[in-house]
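Got chain R sorted already, so can you dock chains D and B onto it with the hints?
What follows is each chain in one-letter form.
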Amino acid sequence: MAGRGHPVLWRLAQTIPVIAGVVVISFILTRALPGDPAVQFAGLAATPESIAQVREALGLDKPLIQQFLIYCGALLQGDLGRSVVTGQPVVTDLAMRLPASLELTLTALLLACLVAIPLGLLAAVHQGSWIDQLCRVVVTAGVSLPTFFTGILLIYVFYYLLGWAPSPLGRLDFIYFDPPRVTGFHLIDTLIDGDTETFFGALRQIALPAITLALFTLAPIARMTRAAMLGALSSDYIRTARAAGLSPSKVLFGYAFRNALLPVVTTLGMVFSFVLGANVLVEKVFAWPGIGSYAVEALVQSDYAAVQGFVLAMALLFVLLNLLIDLSYALIDPRIGFSAK
Amino acid sequence: MSSPASPSAASGQVAHIVYVLRENPVTALSFALFGFIVLSALIGPYVVPYDPLATNSARALEAPSAAHWFGTDQLGRDVFSRVIVATRLDLTISVAAVAISFVIGAFLGAVAGYWGGWIDALLNRILDTIMAFPLFILAMGIVAALGNSVENIIYATAIINIPFYARVVRAEVNIRREAGFALAARLAGNSHARVLAFHIFPNALPPMMVQVSLNMGWAILNAAGLSFIGLGVRPPTPEWGIMVAEGANFIVSGHWWIALFPGLWLMLAVFTFNLMGDGLRDIVDPRRRT
Amino acid sequence: MLSVKDLVVGFRTRRGAVEAVRGISFDLSPGETLGIVGESGSGKSVTSYALMRILDAGGSISAGEISWNGQDLRRAREGAMRAIRGREISMIFQNPRAALNPIRKIGKQIEDVLLQHGRAGRRDAKAKAIEALEAVKIRDAAARYHAYPFELSGGMCQRVVIAIALACNPKLLIADEPTTGLDITTQKAVMDLVRELISARGMSAIIITHDLGLAAQYSDRLAVMKDGEIVESGASATLFAAARHPYTRKLIDATPRPGVAIRELLPAEARSPEPPHSPGRRKLIEVVGLEKTFAGKSGPVQAVKGISFDIREGQSVGLVGESGCGKSTTSAMLVRLLDPSAGAIVFDGSDIAGIPADRFARDPRRGRIQMVFQDATDSLNPRHNAFDAIAEPLRRLGGMSGKRLGVRVDELAHLTGLPGHLLTRYPHQLSGGQKARVGIARAIALDPDFLILDEPTAALDVSIQAVVLNLLADLRARLNMTYLFVSHDLNVVRLLCDHVLVMRDGLIVEAGPSARVMQDPEHPYTRALLAAAPKPPVLDRLPGETVKAAE
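Protein chains in written order, with this note's numbering: chain R, 1 to 341; chain D, 1 to 290; chain B, 1 to 551.
Isolated chain R (complex conformation):
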């Protein structure tokens, strides 16, 4: 840490080259690849004239470096281009739909952690027992389940066969009105509004997609929790703690679990990568009006500005999440921690 300044600032500084890299890659994806982007951006019903027009409008006749600078300039102003399908700026579309995606993703992640961490913990403590076997099955099945398939299966069972779930179309059944927008999260906004009936409507609607996503997500978390716990439990300091007569709960939670949390938090970055990807598929299956289904729609319609805006926005979101993960890691690990002298 010596000579590197405050560790938090150092970590913040590290995101700069990553963001620069993300911008470069997304520029390459938009402009520098084979194929004429002007044809793509002009849309399906393009004429030679309109393509030439688009080329000029996009600055595609200029040198690549200049194009890159123009691209960066536009980004700085929050300009991701205009969607052909909706006719709106891509940024506006994404901002509109982001809360729906976040609400789904975070609910699923919370659900996954609530199941996966205790499961992994129990499996490690009772290694070789039935709960360990269960953990193994859940973990292997979890990573093997295609999310879109799980979603369809759940719809068939809980909507078609049992009729417990509402029809898998969007965030809220049409009999309810959208709550006044505060956070953009229906589950929170309805509570702020005091409208419990709509809250339960939203809850019923989010249950299936969230469970689908959580089933996929809990596997890596449970696997890592179990492995990290096993590692921690077999380490020397646990033997010291036991030899000093500390109580089992102190040894398990105070010593082993806190150490095991470190690798679990590190995996969360990878988990987010999976979740954000799987989110796209789940949104399509459940017609969830988030940015994932927006991107799928755009892809099918060859609305490239929208797709690329979406990819870039997700990358930036993911960089931000990784930053948060690393900062929280530093909170629990003194070796990287803020208390550096």
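Label-pair ranges, simulated between beta-carbon atoms:
{"id": "1", "chain 1": "R", "residue 1": "Ile28", "chain 2": "D", "residue 2": "Leu61", "range": "41 to 47 Å"}
{"id": "2", "chain 1": "R", "residue 1": "Thr47", "chain 2": "D", "residue 2": "Ser149", "range": "20 to 26 Å"}
{"id": "3", "chain 1": "D", "residue 1": "Phe31", "chain 2": "R", "residue 2": "Gly128", "range": "18 to 24 Å"}
{"id": "4", "chain 1": "R", "residue 1": "Gly128", "chain 2": "B", "residue 2": "Gly306", "range": "57 to 63 Å"}
{"id": "5", "chain 1": "D", "residue 1": "Ile175", "chain 2": "B", "residue 2": "Arg123", "range": "45 to 51 Å"}
{"id": "6", "chain 1": "B", "residue 1": "Gly306", "chain 2": "R", "residue 2": "Leu324", "range": "45 to 51 Å"}
{"id": "7", "chain 1": "D", "residue 1": "Phe31", "chain 2": "B", "residue 2": "Leu479", "range": "49 to 55 Å"}
{"id": "8", "chain 1": "D", "residue 1": "Ser149", "chain 2": "R", "residue 2": "Gly128", "range": "47 to 53 Å"}
{"id": "9", "chain 1": "B", "residue 1": "Ile355", "chain 2": "R", "residue 2": "Met270", "range": "43 to 49 Å"}
{"id": "10", "chain 1": "R", "residue 1": "Ile19", "chain 2": "D", "residue 2": "Ser149", "range": "29 to 35 Å"}
{"id": "11", "chain 1": "B", "residue 1": "Val346", "chain 2": "D", "residue 2": "Val18", "range": "55 to 61 Å"}
{"id": "12", "chain 1": "B", "residue 1": "Pro279", "chain 2": "D", "residue 2": "Arg125", "range": "50 to 56 Å"}
Some chain R residues judged to face chain B by a derived CB distance under 7 Å, without partners named:
{"id": "13", "residue": "Asp236"}
{"id": "14", "residue": "Thr240"}
{"id": "15", "residue": "Arg242"}
{"id": "16", "residue": "Ala243"}
{"id": "17", "residue": "Ala244"}
{"id": "18", "residue": "Leu246"}
{"id": "19", "residue": "Tyr255"}
{"id": "20", "residue": "Asp333"}
{"id": "21", "residue": "Pro334"}
{"id": "22", "residue": "Arg335"}
Below, computed lysine to any residue pairings styled on SDA-like, alpha-carbon distance capped at 25 Å:
{"id": "23", "chain 1": "B", "residue 1": "Lys108", "chain 2": "R", "residue 2": "Ala330"}
{"id": "24", "chain 1": "R", "residue 1": "Lys250", "chain 2": "B", "residue 2": "Gly121"}
{"id": "25", "chain 1": "R", "residue 1": "Lys250", "chain 2": "B", "residue 2": "Ala127"}
{"id": "26", "chain 1": "B", "residue 1": "Lys297", "chain 2": "D", "residue 2": "Arg125"}
{"id": "27", "chain 1": "R", "residue 1": "Lys250", "chain 2": "B", "residue 2": "Pro102"}
{"id": "28", "chain 1": "B", "residue 1": "Lys137", "chain 2": "R", "residue 2": "Asp236"}
{"id": "29", "chain 1": "B", "residue 1": "Lys126", "chain 2": "B", "residue 2": "Ala143"}
{"id": "30", "chain 1": "B", "residue 1": "Lys126", "chain 2": "R", "residue 2": "Arg335"}
{"id": "31", "chain 1": "B", "residue 1": "Lys105", "chain 2": "R", "residue 2": "Ser234"}
{"id": "32", "chain 1": "B", "residue 1": "Lys5", "chain 2": "B", "residue 2": "Asp72"}
{"id": "33", "chain 1": "B", "residue 1": "Lys171", "chain 2": "R", "residue 2": "Asp236"}
{"id": "34", "chain 1": "B", "residue 1": "Lys128", "chain 2": "R", "residue 2": "Ile238"}
These aren't lab readings, by the way, just hints derived from the structure by calculation.
Computed from a predicted model, the values in this text were never measured in an experiment.
Cβ coordinates follow ideal geometry from the N, Cα and C atoms, glycine included.
Just chains D and B now, kept in the frame of chain R:
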């Protein structure tokens, strides 16, 4: 290396594999399933009862029966034949993608892990940037940019997998770079390139094979996911992802078999590779057994 | 106070049940210190875990009695055991840094024990924890309370482990290899501290170690373990002077100590006369102003700060120092695996320091300078069998193949005492001593003039170390090789070397003939090193005198 054959070592290895398989029947099962999947990819198209593309509107949307084991779809095509025939395409996509990323990732990772320095720093930057994207979404972006075709699905899947291989190999090579046997090989007159290629890399292979197996399942999932959202493979080509997507429209009307069977097969394939990865790890490195 | 009768500890493994401890018995009275000595796999550590009932998964006490002040520890309930652990019987471990929770302040870790056993309340816990740190002579204890293990040195961590163990004033301390991995001067400081604390508190102690000398110096009684059994026990001095069991005898003989020749490490019946060895006049190696600077995270680190020395043909020179003194960097530069930052290495009349390490692999002199590595396991490619390992330099540099190669490898195996049928085995199928022989055979395959031995016996049990050292002495005479023997242990180096160099902080602080340096060290650091080495009672004196010598 021309060395005297070593029967004791070989039999020890076999005994260990037999031990692992007997101890863990699940692993044995996964090897059997793997054989089945490879077989259906190889000879499936020649043995299925119906032409996977032949429509028959008279027998559309029929539930599973003796004539149509997995039922028929909205155009009267035999779901069983389509599911089996699709194996080849799905396996080709994922094997090709994994092979490309294995070769590129292993090379980059080995070079960076052995020489370190600016090569390593540069590679890490590039990998960090790729990993800064949620990978499935990056694949979507790549396909969108390169154009919507099966080859581009393979390239996209390969690119998003490269970081995994590069990292595993980099780490495995790096910990052995200063190992006594690598130094001893240099004292025996080997150049750096030879030490890396003939002494260090073979030792890094077993953990890589585990990674390949685990990654294979993920590659299949990714490719199927991309075709599920309408990228790459186009109808009427039989492919698991797209068949599930088509069947999804009929699930709310109760025609479960159209989506269920391709989804089940997809799941089985991924499950097999994941189980096999776990089993391979047990065989390769008994200490890391979890 | 403690009485162990016919203790049997078994482990369930893949190959069925294994008995790690096979019926051992001993007693310990108040205030007494018992040393349990044994080589790796003798079951000595398992015994201590069994006493504390903290055996790893799969291990269990299958027979015997453990009685602690009348209480039956074998059958005691887990809750009762917890009250005994840390409060009545405590334990310290090897590798002290790993023995502490890496993400908890050391003060808090001591508090945990105090609170658990009701020796402190929420209010006075911190003060008592600081007191415990002061008791183990940690300076500035109030500030250290907030330290994390990674901020402390290995010796300091061991003090913290001791503070945790003694925080509740237990009556018995079990020390399981407490100094393995620590430098020799730190080892002495830690052991002296342990002895002082246990005698001040009137405690009993069990010291478990592979080092017979260390155990003899710090315990009243010794028990020697082999294959899960106690083969002999008795008062330290008498046991050392008049061991009855052949294994004890062998162990005592093999322990390097002052005034003993290299052949005397071997069992009496294996002592052939030492082959004559006389260094020539000609300088084979001339090191002038050798320096190495590494680029560290916080600025450059100078590992070797300009050292000069000569090695004459046929001479054996020892390079001695504690970890981090720059001895390994020096040997890596001499064997031309690492490029020096400055200075010259004149080998046989020409400077080889300027040839980049990368290019030296193809230099005709490559085969003339070879090395035996520290860890035989790590230095053998897991995918090559013994034959290939030995043949590699012959193939690459000797240009040999086919029958000629096979004959030469057989010859080398014979020379190093490796049975021919082991040549087809892979490293994991060989024992530590056999792997060491393969490493040596490989190093001498090309008949090198200059052989660097980098702690070749550090990972070996003491009886195997004795054999390997003697093998090296034989080979030197037979092949007329020049040695540079790098080690942390002056007592080992002295056995093989005519001349020693003592290194500290990248500089050579003392150089001279071995006998002179051992008997009349000039530099205070050399004196500290010699004083820190364990001093077992000398063999051929009477028990009475031995006690005096130990003190």
